[in-house]
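K.L.:
Quick mapping for you: the protein sequence lines, in order, are chains L and W.
Counting in the UniProt record's numbering, the first sequence runs from 1 upward without gaps.
Counting in the UniProt record's numbering, the second sequence runs from 1 upward without gaps.
Just so you know, the hints here were simulated from the structure itself, not pulled from any lab data.
One copy or two, it doesn't matter: identical chains are merged, so the pair holds either way.
Dumping the calculated SDA-like pairs for lysine to any residue here, alpha-carbon to alpha-carbon at most 20 Å:
{"hint": "1", "residue 1": "159", "residue 2": "38"}
{"hint": "2", "residue 1": "159", "residue 2": "47"}
{"hint": "3", "residue 1": "250", "residue 2": "367"}
{"hint": "4", "residue 1": "250", "residue 2": "390"}
{"hint": "5", "residue 1": "250", "residue 2": "396"}
{"hint": "6", "residue 1": "159", "residue 2": "34"}
2 protein chains.
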Amino acid sequence: MTEGTAQRTGAPTELGVAVLGMGNVGAEVVRIITENAEDLRARIGASLVLRGVAVRDLERGRGIDRALLTDDPAALVRRDDVDIVIEVLGGIEPPRELIRTALQQGKSVVTANKALLAEYTGELATAAAEANVDLYFEAAVAGAIPVVRPLMQSLAGDKVQRVAGIVNGTTNFILSAMAETGADYDEALAEAGRLGYAEADPTADVEGYDAAAKAAILASIAFHSRVTAADVYREGISSVTAEDLASAAKFDCTVKLLSICERVVGDDGRERISARVYPALIPLSHPLATVSGAYNAVVVEAVDAGRLMFYGQGAGGAPTASAVMGDVVMAARNKVYSGRGPLESTYASLPVMPIAQVPTRYYVAMNVVDRPGVLETIAGEFAKHGVSIAAVRQEGGADATRLIVITHRAPDGALAETVSALENMEAVTAVSSVLRMEGTHE
Amino acid sequence: MTEGTAQRTGAPTELGVAVLGMGNVGAEVVRIITENAEDLRARIGASLVLRGVAVRDLERGRGIDRALLTDDPAALVRRDDVDIVIEVLGGIEPPRELIRTALQQGKSVVTANKALLAEYTGELATAAAEANVDLYFEAAVAGAIPVVRPLMQSLAGDKVQRVAGIVNGTTNFILSAMAETGADYDEALAEAGRLGYAEADPTADVEGYDAAAKAAILASIAFHSRVTAADVYREGISSVTAEDLASAAKFDCTVKLLSICERVVGDDGRERISARVYPALIPLSHPLATVSGAYNAVVVEAVDAGRLMFYGQGAGGAPTASAVMGDVVMAARNKVYSGRGPLESTYASLPVMPIAQVPTRYYVAMNVVDRPGVLETIAGEFAKHGVSIAAVRQEGGADATRLIVITHRAPDGALAETVSALENMEAVTAVSSVLRMEGTHE
Numbered sequence: 001m002t003e004g005t006a007q008r009t010g011a012p013t014e015l016g017v018a019v020l021g022m023g024n025v026g027a028e029v030v031r032i033i034t035e036n037a038e039d040l041r042a043r044i045g046a047s048l049v050l051r052g053v054a055v056r057d058l059e060r061g062r063g064i065d066r067a068l069l070t071d072d073p074a075a076l077v078r079r080d081d082v083d084i085v086i087e088v089l090g091g092i093e094p095p096r097e098l099i100r101t102a103l104q105q106g107k108s109v110v111t112a113n114k115a116l117l118a119e120y121t122g123e124l125a126t127a128a129a130e131a132n133v134d135l136y137f138e139a140a141v142a143g144a145i146p147v148v149r150p151l152m153q154s155l156a157g158d159k160v161q162r163v164a165g166i167v168n169g170t171t172n173f174i175l176s177a178m179a180e181t182g183a184d185y186d187e188a189l190a191e192a193g194r195l196g197y198a199e200a201d202p203t204a205d206v207e208g209y210d211a212a213a214k215a216a217i218l219a220s221i222a223f224h225s226r227v228t229a230a231d232v233y234r235e236g237i238s239s240v241t242a243e244d245l246a247s248a249a250k251f252d253c254t255v256k257l258l259s260i261c262e263r264v265v266g267d268d269g270r271e272r273i274s275a276r277v278y279p280a281l282i283p284l285s286h287p288l289a290t291v292s293g294a295y296n297a298v299v300v301e302a303v304d305a306g307r308l309m310f311y312g313q314g315a316g317g318a319p320t321a322s323a324v325m326g327d328v329v330m331a332a333r334n335k336v337y338s339g340r341g342p343l344e345s346t347y348a349s350l351p352v353m354p355i356a357q358v359p360t361r362y363y364v365a366m367n368v369v370d371r372p373g374v375l376e377t378i379a380g381e382f383a384k385h386g387v388s389i390a391a392v393r394q395e396g397g398a399d400a401t402r403l404i405v406i407t408h409r410a411p412d413g414a415l416a417e418t419v420s421a422l423e424n425m426e427a428v429t430a431v432s433s434v435l436r437m438e439g440t441h442e
Numbered sequence: 001m002t003e004g005t006a007q008r009t010g011a012p013t014e015l016g017v018a019v020l021g022m023g024n025v026g027a028e029v030v031r032i033i034t035e036n037a038e039d040l041r042a043r044i045g046a047s048l049v050l051r052g053v054a055v056r057d058l059e060r061g062r063g064i065d066r067a068l069l070t071d072d073p074a075a076l077v078r079r080d081d082v083d084i085v086i087e088v089l090g091g092i093e094p095p096r097e098l099i100r101t102a103l104q105q106g107k108s109v110v111t112a113n114k115a116l117l118a119e120y121t122g123e124l125a126t127a128a129a130e131a132n133v134d135l136y137f138e139a140a141v142a143g144a145i146p147v148v149r150p151l152m153q154s155l156a157g158d159k160v161q162r163v164a165g166i167v168n169g170t171t172n173f174i175l176s177a178m179a180e181t182g183a184d185y186d187e188a189l190a191e192a193g194r195l196g197y198a199e200a201d202p203t204a205d206v207e208g209y210d211a212a213a214k215a216a217i218l219a220s221i222a223f224h225s226r227v228t229a230a231d232v233y234r235e236g237i238s239s240v241t242a243e244d245l246a247s248a249a250k251f252d253c254t255v256k257l258l259s260i261c262e263r264v265v266g267d268d269g270r271e272r273i274s275a276r277v278y279p280a281l282i283p284l285s286h287p288l289a290t291v292s293g294a295y296n297a298v299v300v301e302a303v304d305a306g307r308l309m310f311y312g313q314g315a316g317g318a319p320t321a322s323a324v325m326g327d328v329v330m331a332a333r334n335k336v337y338s339g340r341g342p343l344e345s346t347y348a349s350l351p352v353m354p355i356a357q358v359p360t361r362y363y364v365a366m367n368v369v370d371r372p373g374v375l376e377t378i379a380g381e382f383a384k385h386g387v388s389i390a391a392v393r394q395e396g397g398a399d400a401t402r403l404i405v406i407t408h409r410a411p412d413g414a415l416a417e418t419v420s421a422l423e424n425m426e427a428v429t430a431v432s433s434v435l436r437m438e439g440t441h442e
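Could you build the full structure based on these sequences and the hints that come with them?
P.N.:
Quick look at the structure:
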């Protein structure tokens with residue numbers, strides 16, 4: 001960016017920007033474009049000029065020039081004086097159609113829309129490639145934390161083996177609160193709602209849909225393949241109990257909702273991808289165990305780089321806007337210098353392995369009848385399914401005996417069958433919780 | 001990277017690579033280029049072809065085709081069939097001249113040479129801009145950890161306030177060993193040497209030169225200014241004692257060699273940069289406190305993004321080669337797609353604040369005579385220089401009384417004057433240690 005030196009003749013001195021959506025993130029994006037105009041101009045080599053902001057309700061006051069507001073996003077993205085479109089609406093339609101149109105019209109697009117990307121990156125990346133423009137989406141995964149760019153660029157010469165992260169702030173807030181205060185799930189969810197960490201309808205967060213969309217994006221990038229949200233095995237946190245957190249602590253563990261993308265080798269020796277989201281026990285010594293509250297963190301393991309960790313604020317207006325604006329500056333520079341950043345790379349086309357074949361470890365909590373030989377019978381059931389037990393703990397008093405079993409790694413299918421069998425055993429009153437365990441090498 | 005779609009007509013199908021240096025990093029770079037050829041080709045859209053490797057001694061066997069070796073790096077970088085030059089020689093000359101020549105000849109350059117960049121980024125970036133090629137150096141700071149690219153690109157729309165990191169593995173290994181085992185500095189250094197974490201002449205590491213070069217690079221990028229190694233205030237770790245680590249632990253702290261780059265506001269209200277490297281006490285609860293052994297970590301604080309942390313392996317052949325190869329893939333793609341990444345951005349041109357004016361906190365350990373009123377006299381000396389005391393701790397037995405004072409934030413100059421005055425006090429037998437304290441907001 002030694003300005004001017006190599007700027008091509010005829011390069012634009014200003015670039016038009018359209019913002020689609022004026023929620024938390026959109027409002028912060030507009031603020032940064034306005035307040036930091038001088039810095040942005042110096043960094044880009046041209047001025048960013050806000051051409052318009054598409055909103056649903058023109059009447060609501062927003063502290064910006066009313067003339068900039070429009071309720072016709074389709075017209076805005078087609079304007080000749082718009083070079084870069086920032087999409088922070090969320091949802092599949094109309095964003096999908098708007099972004100496709102923008103790209104086809106030669107505008108670069110920056111989006112934070114994980115749900116859209118988890119389904120339609122392929123179609124949008126193709127449109128961007130055909131128009132020779134940028135499609136950037138750093139803000140779609142882990143908010144302010146640079147994860148997309150490091151995976152796509154910094155690790156472009158390495159072989160990523162695994163990405164595991166806490167990429168949903170709502171669920172991490174809830175699980176952290178449960179671990180710290182002993183609250184049960186409903187109490188912690190209510191508290192998250194009161195503090196603004198959970199939406200009125202928290203389904204997308206607590207049932208893992210948001211984390212699964214991010215896992216699909218991360219897996220696609222990390223493994224140069226196309227993974228959609230439907231390929232991601234998903235469990236939410238609504239069945240995690242206060243007892244589970246207490247039991248986890250006794251095993252020096254805590255429970256986190258993890259998005260895991262792994263390169264796995266199938267029985268046929270072929271590489272596959274496992275992408276999965278579920279609440280899992282991890283050792284307190286694991287780097288992700290200390291990530292608490294609304295923070296996010298992503299651990300990346302690559303053959304040559306080894307283990308890397310990225311940590312920061314995964315949501316919120318300003319942090320997400322920071323990530324959006326980093327992409328905007330890069331897209332703008334490419335307009336000035338006639339360049340283009342990397343688009344999706346799907347050459348490896350690795351297939352996704354069904355969860356049943358993926359080796360994981362289970363934590364099984366059950367109520368058992370209190371009589372001699374019960375542990376032996378139960379252990380026999382695990383053995384029958386080829387599942388090896390790593391640790392057992394018996395808890396509770398006279399009326400109910402709670403038995404916790406943590407297994408070694410086994411195919412998820414075998415573990416699921418073991419649990420089914422346990423549920424039908426006379427000695428087992430109830431299987432109260434089944435969680436997985438991650439972050440160990442046993 | 002949807003290959004082919006938008007690749008311009010006449011784009012190269014192969015790109016020639018020259019590697020300068022075949023040490024730990026060079027050998028790993030050559031291995032990756034050879035072993036991962038197919039993946040690299042798919043990611044770039046053209047094949048990387050190794051044209052030559054410049055070494056000092058042609059006779060030493062290196063497990064690669066002898067015909068590729070040359071002891072004439074100047075001729076290698078001028079070859080018409082070389083498109084990308086990877087410099088992993090280290091040192092100022094000949095790398096400076098070789099890189100300048102390569103850039104002038106239109107080759108993109110990837111280097112891991114922090115000492116060179118800490119002095120000559122300006123000259124090299126100008127040469128790169130004039131030739132419209134890339135100069136990338138992710139591997140120069142914190143090895144495999146993506147830090148340069150996140151700062152230059154992901155945070156391009158934000159305002160970085162502070163970068164603080166552990167960016168030297170040797171000193172972190174030594175300080176971690178001292179903290180964990182109670183070993184003194186010489187023992188821990190010897191152990192680091194035995195395990196390959198310290199070089200035969202460890203001066204560049206233990207005296208903070210390596211960390212200062214990295215601080216200069218980080219400050220330049222973070223603050224869009226030009227900061228050289230000479231601008232960085234520097235203290236090494238050789239005077240840190242086992243007693244300091246023990247005392248730090250009593251204050252719930254540990255000692256780390258930190259590279260700190262801060263945006264500070266001077267008395268005149270103008271923004272300046274403080275860049276400094278020294279061993280400092282940090283609270284055990286600080287994210288950098290748990291970074292142990294040869295690992296590196298960098299914390300970045302930006303206005304909108306908030307606090308981010310990057311963690312991983314900061315040195316070693318394969319991790320550093322991973323960072324080099326990420327840059328090589330990006331530079332290669334830019335050759336294929338006629339693009340160019342961001343070069344240096346120095347528009348802000350912030351001046352550097354002298355250390356004397358920078359507010360820091362001090363930890364002062366001294367031996368004092370054991371009589372009533374001593375603490376009062378000493379406290380009075382701090383007050384006389386306008387330095388406020390945050391904590392005091394008296395240690396030791398009958399023969400010597402050790403007094404530890406931790407101050408609040410005050411200009412470094414006032415703190416240094418206080419220490420001078422203490423050294424001349426009759427009540428103070430010796431000032432045994434002066435360290436700084438970081439990572440708190442007092």
